[in-house]
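Asker: Spelled out from the first residue to the last, the chains are:
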Amino acid sequence: MKKIGIADTTFARFDMGKSAIDELKSNHTGFKIIRYTVPGVKDLPVACKKLFEEQNCDIAMALGMPGSKPIDKQCAHEASTGIIQVQILCNKHILEVFVHEDEGKDEKELFWLADQRSREHAINCLDLLFNPENLTREAGKGLREGFEDAGPLRM
Amino acid sequence: MKKIGIADTTFARFDMGKSAIDELKSNHTGFKIIRYTVPGVKDLPVACKKLFEEQNCDIAMALGMPGSKPIDKQCAHEASTGIIQVQILCNKHILEVFVHEDEGKDEKELFWLADQRSREHAINCLDLLFNPENLTREAGKGLREGFEDAGPLRM
Amino acid sequence: MKKIGIADTTFARFDMGKSAIDELKSNHTGFKIIRYTVPGVKDLPVACKKLFEEQNCDIAMALGMPGSKPIDKQCAHEASTGIIQVQILCNKHILEVFVHEDEGKDEKELFWLADQRSREHAINCLDLLFNPENLTREAGKGLREGFEDAGPLRM
Amino acid sequence: MKKIGIADTTFARFDMGKSAIDELKSNHTGFKIIRYTVPGVKDLPVACKKLFEEQNCDIAMALGMPGSKPIDKQCAHEASTGIIQVQILCNKHILEVFVHEDEGKDEKELFWLADQRSREHAINCLDLLFNPENLTREAGKGLREGFEDAGPLRM
Amino acid sequence: MKKIGIADTTFARFDMGKSAIDELKSNHTGFKIIRYTVPGVKDLPVACKKLFEEQNCDIAMALGMPGSKPIDKQCAHEASTGIIQVQILCNKHILEVFVHEDEGKDEKELFWLADQRSREHAINCLDLLFNPENLTREAGKGLREGFEDAGPLRM
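Chains as they are written, first to last, in the working numbering: chain A, 1 to 155; chain P, 1 to 155; chain U, 1 to 155; chain R, 1 to 155; chain S, 1 to 155.
Just chain A, with the same shape it has in the complex (with noise of 0.2 Å):
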């Protein structure tokens, strides 16, 4: 069986994780969730390497929301970066679900985004595991997780 890890952080002002284990169990089944909570999002890529190597996952979600001060991009940044390095090491998808805090106009846009982003991003962890040619038919569309998808250019 399958196994999904879920790394999430309690620096998050929302429970992202929930979201995306609710969106995953509610659009297939057949998988087993791994779900591991850190403080924040730098202690995201080691978390997301134990559940690949630890835990047997064969993909994992990273779900965070960095601050909105420069500091805070930064250490995105470094998440960011250290997210990319695991997943070459391991050969596996790490679907990193980033929600800023400076992204929603308030705190309730930004309620609604960390929920949305991480259902969104939940379906294409299913699709990256289960289905990957549903990926293919979709390229070039102009896909967008939480606001709405900017679509295909217009000639």
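Keep in mind that the hints are not guaranteed to be accurate.
As the list makes no split between identical chains, a pair holds if one copy fits it or if it spans any two.
Okay, derived cross-link-like pairs now, DSS-like style, lysine-lysine, Cα gap no bigger than 25 Å in a straight line [unchecked claim]:
1) K73 with K2
2) K108 with K141
3) K105 with K69
4) K69 with K108
Think of the hints as simulated: they come from the structure by calculation, not from any bench.
Position chains P, U, R and S against the provided structure of chain A, taking the given hints into account.
Answerer: Just chains P, U, R and S now, with coordinates in the frame of chain A:
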């Protein structure tokens, strides 16, 4: 038979993979294409690694269209860094074909650019794989992919 | 018996290692502490690697206090990147506890912050090592180390 | 017999590889040159890795001419990071010879600079390979490649 | 007998290696010094790696003097990143001793700073190698190398 990996994204607003594949097939024979579509540019490094190690590709193209916001620039930077790492680890080339959304003055030009750059890098891909001497002949000529060549410096 | 590595610096203007060790010992038993002090934050990555591989630590805390100039920010960024790499290579957590000199409005607040953040991350360290379920229970709660928690988003 | 790898690009607006090779041959004998031309600077890291591991080069020169836009600066940064990684992995030197398009006041000066810097780094390459004591003798002398030397600080 | 590697550059405008070696020899005995001079700071990471793996050094100092332009800052950043990677790969310390050309108000101060910082880091190098307890005793004391110590925070 040689294998060429094509990694592209659903985030892109143009089907760059299709243009690349069309150009590859129009210019050479005797290779097989493996296409792998992922959500965004940050998923491309591991996609290429998997194309090399699980699909035995000899070379890959990584096609994406980063957005125009600062966070998009940062994502592109992280993706590029990962793409370089994968090449180093595998001793194989990845042609990075990124079109930034702010490179075109409007959607029409961006549409043209995404197609044209994908096609010109497809030729680079074929040259690296089958005719590296073609590139040596053009060393220092100020070539550009997409927009017109800068040309050699005038003394 | 578990081993906790404490890597700190002579550059820091507060003895963060001492606060961390005091908090660790006040909250749990059954572990050994190995302390390793280096000149600055850029020496912390290899210090942690040595704590893991030469001293067999199971987890580490990397405590430092970067200055407020642009070059200091860059040093902190380089140190953080290295700290993430070490975690990935060793499959072990490092709690990065950095207090930037411009985070406090005066020396007094900085003093308080350096102590408080070291102590709160010491608790995170104990949770990761002994009670990871404590962190999962706090997922998405907007926790902060040092200053007050941001709390969960209001819908 | 020693082997020197010359990695250059079709993006450059001057045939820097030719200048480097000419200077190498004018100053020393007893080595073989392997030239490898790639599209742009981001292809140089893997090109050098292949020169080391597939062609058994003992040292390499990586010559390129990044453009003047912010995105070009970022590409150069990514390329440099990769070039350093390859050196670390292979325990071999790569002389990075980059001329940024905005370093010259006009095309004529850029033309001169690209030739001159390539030649001066070719001498560094020969020194590292055959006469490292030449470099030690010049330690702290404020040498520059291309434009005139800064010279040692005056007390 | 312990071996200390001294990696320095011809780019620097002060013979920092000489100051470091003089200070090392004035304060301790029972070690051997291996000096290795390279063109610039970006050549220091592999120089240190070679000092560790080909010359069996136990520790190294990497001394350089980056220029004051943005591109020089970027080179220093790339060099620092590589120096941290080498330490992580080898489990050995490298004391990075960089003096930025804009750190001094004039050539005279820069001259003084380059000498002083090299000497103070030479003491750090000896402490890490022979007396690590000296550093622990100074933890959190706000030490600086070159300019005067910041000192501990006042409550």
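Asker: If any of the earlier hints don't hold here, list their numbers in rising order.
Answerer: 1
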